[in-house]
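Chain residues, written in single-letter form:
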Amino acid sequence: MAKVRTLILRAPGTNCDAETVFAFQQAGAEVCSIHINQLIRGEQQLSDYQIMVIPGGFTYGDDIAAGKVLANELSLKLDEDIKRFIEDGGLILGICNGFQVLVKAGFLPGVSDGGSPPLTLAANDSGKFECRWVQLWVNEESPCVFTKGISSMYLPVAHAEGKVVADPEVLPELNVVLYYTDQYGNSQAGYPYNPNGSVENIAGICDTSGRVFALMPHPERYIRGTQHPQWTRLGAKKYGDGFQIFINAVEWVQRL
Amino acid sequence: MHRVEVYLKSYLPDARGLSLVRDIHDLSITTVSNVRVVDVYWLDADLTPEALDVVCRRLLADPVTQEYRYGRSRQPEGNVGIHYYTIEVAYNAGVTDPVEGTVIKALQDLGVGEVRGVKTAKRYLIEGRLNEPQLEAICSKLLVNPIIQHVVEQEESRFLENPQYKFRLKQVDVSQIGQQFGFSEDELQAIIAYFQRQGRNPTDVELETLAQTWSEHCVHKTFKGRIKFGEVTIDNLLKNTIMKVTEELNKPWCLSVFEDNAGVIDFDGRWALCFKVETHNHPSAVEPYGGAATGIGGVVRDPLGTGLGAKPILNTDVFCFAPPDFPYEKLPKGVLHPRRIFKGVRAGVADYGNRLGIPTLNGAILFDDRYVANPLVFCGTLGLMPKKFSQRGQQQAGDLVVLVGGRTGRDGIHGVTFASEQLTGESSTTSYSSVQIGNPIVEKKLIDVLLQARDRGLYSRITDCGGGGLSSAVGEMGANTGVSVYLDKVPLKYAGLSYAEIWVSESQERMVLAVPPHCVEELLALFASENVEAVVIGEFTNDRRLQLFYQGNLVGDLDMEFLHDGRPQVKREAVWEQPQYVEPDFACPPDLGKALLKILSSWNVCSKEWVIRQYDHEVQGASVLKPLVGRDNDGPGDAAIIRPALDSEMGVIVANGINPKYGEIDPYWMAASAIDEALRQIVAVGGNLRKVALLDNFSWGDVEQPNILGALVRAAQACYDMALVYETPFISGKDSLYNEFQYSGKIISILHTLLISAISVMENVNRAISMDFKKAGNLIYIVGTTQNELGGSEYFRTHGLIGNRVPKVNPKLGKELMYRLSMATERGLVRACHDCSEGGIGVAIAEMAFAGGLGAEIYLKSVALGESIDRDDFILFSESNSRFLVEVAPENKGEFEEIMSSICFCNIGQVTDSEVLEIYGLSGRKVLSEPISQLKEAWQKPIRW
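If you read the protein sequences in the order shown, they are chains A and B.
In terms of the numbering used here, the first sequence opens at residue 1 and continues consecutively.
In terms of the numbering used here, the second sequence opens at residue 1 and continues consecutively.
These are calculated hints, taken from the structure and not from any lab test.
We put the CB at the ideal spot given by N, CA and C, even for glycine.
Please note: incorrect hints may appear among the correct ones.
Covered by chain B, according to a simulated footprint, are these stretches of chain A (three or more residues, beta-carbon under 8 Å) [what the hints assert, rightly or not]: (1) 129-139; (2) 153-167; (3) 219-230.
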């Protein structure tokens, strides 16, 4: 079977690239870690890949606002390439900082026509960067191709600006993929189950095609059993909850 | 110039403001009901109104949550009629503003025209009634650190050009050197003799080079000195204790010890591990945020600058502060309050470490009044590199000196000599240029590109530019060859630096490479491709001279031999006499519940979750055992485990031991206890002692006082004695001396503080165990004997006492015991294990219970005693070393007891599902019965900020 070519985008301050590369490799993809300058200079073509990932990190220090400067760079310098990549059936995954970038660049919740983006990711209600594990409920009705067959996940978050803020009239239009809940699936549990104060407990969204997906939690940090915070109590599963996301992405491309 | 203010829409809560409201309330100012924070940007550019609008809409303000304006706000939009105080805080001239570079880059992306400069500020809108002193307190205690910031009183000219530096060679009359360089009398004589032989006067930069190369920070002259200790003379304490034990143990897996920026051991034959812990005490005392951040930045560059470069994969941070409730009125003048230091240090470490993408998985925080003016900030980094890169490189004559990374400014000038001096009340104002502000993204970019250059073999040697700046880095690199440096080639942040300032600046995020001429083109291109500056600033020679040039003028010319070997050995006297303290005479309380709750909520023992959560401990995806464990992910894990190579089942355990309060009684047993504690933590999580490497970090007072030096000698001797028996070599270390503070005639010296950091190679991470109780009905064992050793214990401390019976260590017994316990865990017989440290059995059992959400029944009369103890409280809270609490399933009882049969162990109770901790005393009477929820609450409450 032909290899699924996956591009992990690096920019100054990206810091989850290595483990994201590893997760996709484990899922059977052929992975390249590419610096944004290589795309801008034309040394690498987005069209040579089938999956693009914007991994976690603090691109450009998250100065001004998280992901903002990389978002502008993408929309000012690679806008056409990315739009064509999406039109041509490519998959885009944004994790944590990647979520912030995709939203602020206007590629989520859907490609915009230059108007004001309808939602953003703002500072956590706690006012703090926090690293903690969260329970996620997956909206199986969503078109998201990354989460097919997954009903819930337990994953870590680590961010200071992960609160989804949206105009109320936009909310019904969103393709929400993931919601924060407590361990019983209750979505009204509040902080710290919803770690940032996201409106309607939103943890991840996709576009209408289901091929552009972004989330605040880190699936690449739970791809095997010993990454679970309680594996020494509960026993280690072979694969972590996040692994299926990478498998789904690779299999979806392979089926094309 | 344009001024833009960006603020949250008024209906949205302002998290930054609300956390400030809490801090203001902590100052006992209760009349403030709200604070809004406004981001201010000054842009030095000539933008059209349309272009400025684009900049605001697309870049500076978030379209959903924020608004912007060009004027100056007095109050939030729409809140007319409510009185607000406004305070605007900006950076002082010359202080690095990390946001500046990013905004300039982003403005260039937008293509709005030339931007010459950017400055930022924060504007605070404070709602509530305040008087002048209260407003002043909010400014000085929370908002402004005068070292780096000031309150903007009126519109200032933000973009003053720095005056250009005009070259003039500065020579110093050799007979007039005096005190300004901090030389001792012996050193001064050596310098005078040297320059008399040269027949000329020294230049300023030559003296700076000598002062810095010969500083305590760089050469450890006390440790390498000649110390008269009673009847014995020790010629080089380091070589006779810490380095000696490594030499004697002669472990084949020690790949590089005491010769590079970090120690290196073999991991699995394919990879090598590289470990270093540094202190950044003095800068953190003056500017906690910047000081701690650059502490992280600095120690990360140690593994990066070891061998041919290691990737940083884990951080560990240990802090010592005065208690957060230290009374303001007792605070010495010029000293920041410990709560502010704590918060600032935490934020600095988290912001820098998180941005670099290095997980912070291990650490400790200790409190004592005597750290009030000298907080201790230990930052450590573990690195991973292919084994073939583990040896320090060697350049050839003709190789080029290439400076890579950040630009050079006045940051940290004289930081090294500052670090080796006493702090005084004026330090906050006189030492401003020693404070460094970091920019983690510059360092992250540097790491990314450096590791690529390493793998391509583009340089022959690397070192970090740390304390002492280029002077230290290039001076050391060129010691065996000689080097010429052209100081005018060094890229500067701003104009106006003299050649001497360029040479000694401690600006962050810089590394120095030796690059063979045929590689230089490829290297420079690689760095340019990821926007990291790299500049050739000199070349290595073969004349063993250090020659410095500026604009074609020779400004410094020193013989390498004199620079590195010409320093006269320090001579010091040391004495040691054990102090005697009052022995406790209080009666054993009938109910030990209160005593346990009190210890659990003491600053030293209580939960540090508030800190740990704000560190990213998952990044890089390697964590196996996290700092917070148990049913609710909030129990205190003993040591952290990571899987450094993601495709392997092998792991590294990282642990630390530190017990400064024992040093008040005897620093020998303090050091022994610290080593024992670090090793216990390794064994407790399922490791063993087969491949354990140690680091030492001594933070001490004024070692020119014989009794303080005597304490240092005792501690170093214990390091030798313990490591020899445990067979755990030291691979690197560091000392920070002169940690004392003088005010109104009094001297506050810190506690003698030794931090032992340990790494252990774990063959199979799947054998890891955590400390939380797993199942009701399982048996609880104590392994090791309990002695009447409460000297320096938390229990005595809650009674305001110290005592004299400090916990000792019998390393032969300890080693056998740990060996046996490791065997049991390797066979999967142990469900939970926790070592006994502060608070003894009492605290350990409580932590295991509430972390597991289960109760326990404990019988103190079953505890094996090494000597007769007739008090329940002493058994429960003794801090004897080499002890573990172990949970074993009933079906494994036989096998476990058989393995342990050669050592002291006993079954002292069992895990219950009652959610209550019940302890029965020597008489059989119940002496403690507390719901685990209460115990946990007492433990979590103090630092739930």
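For each hint, the structure was consulted:
1. 129-139: holds (count 5)
2. 153-167: Answer holds; 5 residues pass the 8 Å Cβ test.
3. 219-230: Result for this restraint: holds, n = 7.
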